[in-house]
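Quick note, the sequences are listed as chains P and B, same order.
Residue 1 is where the first sequence starts when you use the working numbering, and the numbers rise one by one after that.
Residue 1 is where the second sequence starts when you use the working numbering, and the numbers rise one by one after that.
Worth flagging that the hints you see were computed from the coordinates, not collected in a lab.
All figures in this text were calculated on a predicted structure; none of them were measured in a lab.
Be aware that one or more of the hints could be misleading.
[What the hints assert, rightly or not] In silico lysine-lysine, DSS-like type, Cα no more than 30 Å apart, as pairs:
#	chain 1	residue 1	chain 2	residue 2
1	B	Lys105	P	Lys437
2	P	Lys437	B	Lys40
3	P	Lys437	B	Lys37
4	P	Lys122	B	Lys40
5	B	Lys105	P	Lys119
6	P	Lys360	P	Lys52
7	B	Lys40	P	Lys52
8	P	Lys360	P	Lys437
9	P	Lys437	P	Lys52
10	B	Lys301	B	Lys40
11	P	Lys360	P	Lys275
12	P	Lys52	B	Lys248
13	P	Lys52	B	Lys194
14	B	Lys301	P	Lys119
15	B	Lys37	B	Lys194
16	P	Lys119	P	Lys52
17	B	Lys105	P	Lys122
18	B	Lys37	B	Lys248
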Amino acid sequence: MDALFLARSQFAITTVYHFFFVPLTLGLSIIVAIMETLYVRTGRESYKQMTKFWGKLFVINFAMGVVTGIVQEFQFGMNWSEYSRFVGDIFGAPLAIEALLAFFLESTFLGIWIFGWDKISKRLHLLVIWLVAFASNLSALWILIANSWMQQPVGYVINNGRAEMVSFAQVVFNPNIWTQFPHVISAGLATASFFVLGISTYHLLRQVENRDVYRRSFQIAAIIGVLGTVGVIMSGHSQMQHLVDTQPMKVASAEALWDSEDPASLSLFTIGDTKNREDVFAIRVPGLLSLLALDQLYGEVQGINDLQAQYEAEFGAGNYVPPVFITYWSFRAMVGAGFLMLAAVAYALLLVMGEQLDDKPRFLRMFIWLIPLPYIANTTGWLLTEFGRFPWIVYGLMKIADGVSITVPSWSVAMTLIGYTLIYAALMVATIFLLAKYGRRGAGTELPEEVTDGEPAIALVGD
Amino acid sequence: MDLNILWFILIAVLYIGFFVLEGFDFGVGILLPFLGKDDKTRRMMINTIGPHWDGNEVWLLTAGGATFAAFPEWYATMFSAFYLALFLLLGALIVRGVAFEFRSKDQHPRWRSLWDWCIFIGSLVPPLLLGVAFANMMHGMPIDADMNYVGGFFNLLNPYALVVGLMAVALCVVHGALFLEMKTADDLRTASHKAAWRAWPVTLLLVIAAAVGTYLSTDILLHLGVNPGTIPLAGIVTLLLAGYFIRKNLTNWAFIMTALTILFTVATSFMILFPDVMVSSIDPAYSLTIYNASSTPYTLKVMTIIALLFVPVVLIYQGWSFWVFRGRITEESVLEY
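Bound-form chain P, shown alone (with noise of 0.2 Å):
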């Protein structure tokens, strides 16, 4: 296990961990400041019930989504060093401002509205979660927008060994970030509207005294989530006919293309064998790669070995294939979670508005069941972009393997890795228990102050 191969897998393993969280943050952040609206408009007490429920898982998973991003902005440094000098005219400006003008504003207003609803104002109270909100979302944006120079250079210049920038308006409106944001902050929509269905089922399907709570939260969720679900497969779409002109291997990879087509056909089901590049068996459906990347139902796709061959021809000899295994299936589980995920909130929009919620528990029961699907795709979503763009770190400009930390031992790495690995999963354990514990115990109930021995930790089912 050499050095470069122990630190992809840790930053593939911290940013995955890290995006679990980030898009419920996301989401959860603006729902939660929906649902504070709606109290400090109306006054209904069953308002501010929703607002401390959610909110309060929303801070359970904040603080995770904090620490696994600090070890994401650190390991650039520590683990890609070499990567940071080439880049980090460029890069360090979004991060920077990042932490600037989001870290900052997301987590002392959060402070202010978790500890602040008896100091300040109702109004001022509210206006507190919507920048916790925007922060979040706004934070978003610039992490996307270094992400987006990676995936398409933009507004820069190489001059002594390294890349200038000499145009920040150009890196900031990199039409790449035109597609990227919207997904991601789509995605985060419709990761918080299944896990406020999903939750607020269970308690519908128990006889609660506060049904209205849960109905109205299922019916904003339903809300958000259509938008949300919507959004990211509109935008992700879009992102994809974007890949055509940018990234072409990437969108060949995530097709298991191997040769160019015209018109293209798209696969539904491909085993492939990687090493000699062709089908062992598929399902293709002709044309409709042609239709979905430029818009008709001719023209050509290009297919990966001729893109191997060109870019051995224009970059020098190498493996340009990123892993096909990889990129396909996660694209598959992307898409095909996020249509179920599409059929899934049609159905509850449509319960909400046949006011059915009562009516149909067996059906209603399954959005327990749905409350991972976002997480599946905001997982696989990230695994194809980032592996898609194999072998480079910077598109075009940059390797994989020239942007590791030269000075960092593969022992280091190894030790690094495995202490990550560990602490996330440790913590991860202790957040779902949180998150299910107040989950399960609902809205309009209040903490018990006092330590008491030997209380059991895991509440039984139905406390």
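Given chain P, put chain B in place with the hints provided.
Here is chain B on its own, set in the frame of chain P:
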């Protein structure tokens, strides 16, 4: 003004802000097992810093981000050089952050005890390691001609670095004890006062030891001369005044003094470094400087405009946040954490 110098100063300001603000968070966390004799008391202690710790921690993230943006070679060399130390630092910050949020969310004593230890370790380790890191930067580290660190992990733990690390911890403890004294009432307040009074002489000794060590181990004679000037000396003076104010029970003034001591100490470390950012012990020609480690003038200009626009905004709303929570935590307070 020379933007490279300006950004060196800005990064110093960010680190200063971090140590002054998060310093008392660390101090309260370190004092948790000593002053928090029962669950209620520990909760009260944690709730004094509850609204603030996360926003205070961001100063470190911004310092790191600013280093990346303005001096990417410094960021790359420093963060890869301090690899394992930073991992330990990150681990500490991770468990501390989660512990604050999770600690009181279950009643089981073992659950709370585990997270309380996470708060303690997570508060003790960062100032220790950051002190070690700064000491090594001032002392000089084996850095080669390609700006790569070629030493290991253990030579970072030299005696001078450990003294500076312990000094950082001590400063946090006395600073945190005074913060607690300002923010609590009755027994906890009295206990905090005692803790501050006991921590102060230890801190003074360590600051003097660190100062002596600095003369023996760093370029201070070269950069600042035998008489280091106002700022380093002010660091000693404010600490002495802090002791006086603790004695006189003028807590607010004592806290201002320890804040200033931290400010001047951190500022001094940057003054000793200047105009280098990472000193090479192999050959001074290999040192990273504010010129050879920096971004382009264009990037520095862009970042300067953004910093000038937004740093004041941050100061205003963080200041407001401290104003909102200016009251004391008492036995009757609602405890969110």
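Would you list, in rising numerical order, the hints stated earlier that this structure does not obey?
10, 11, 12, 13 and 14
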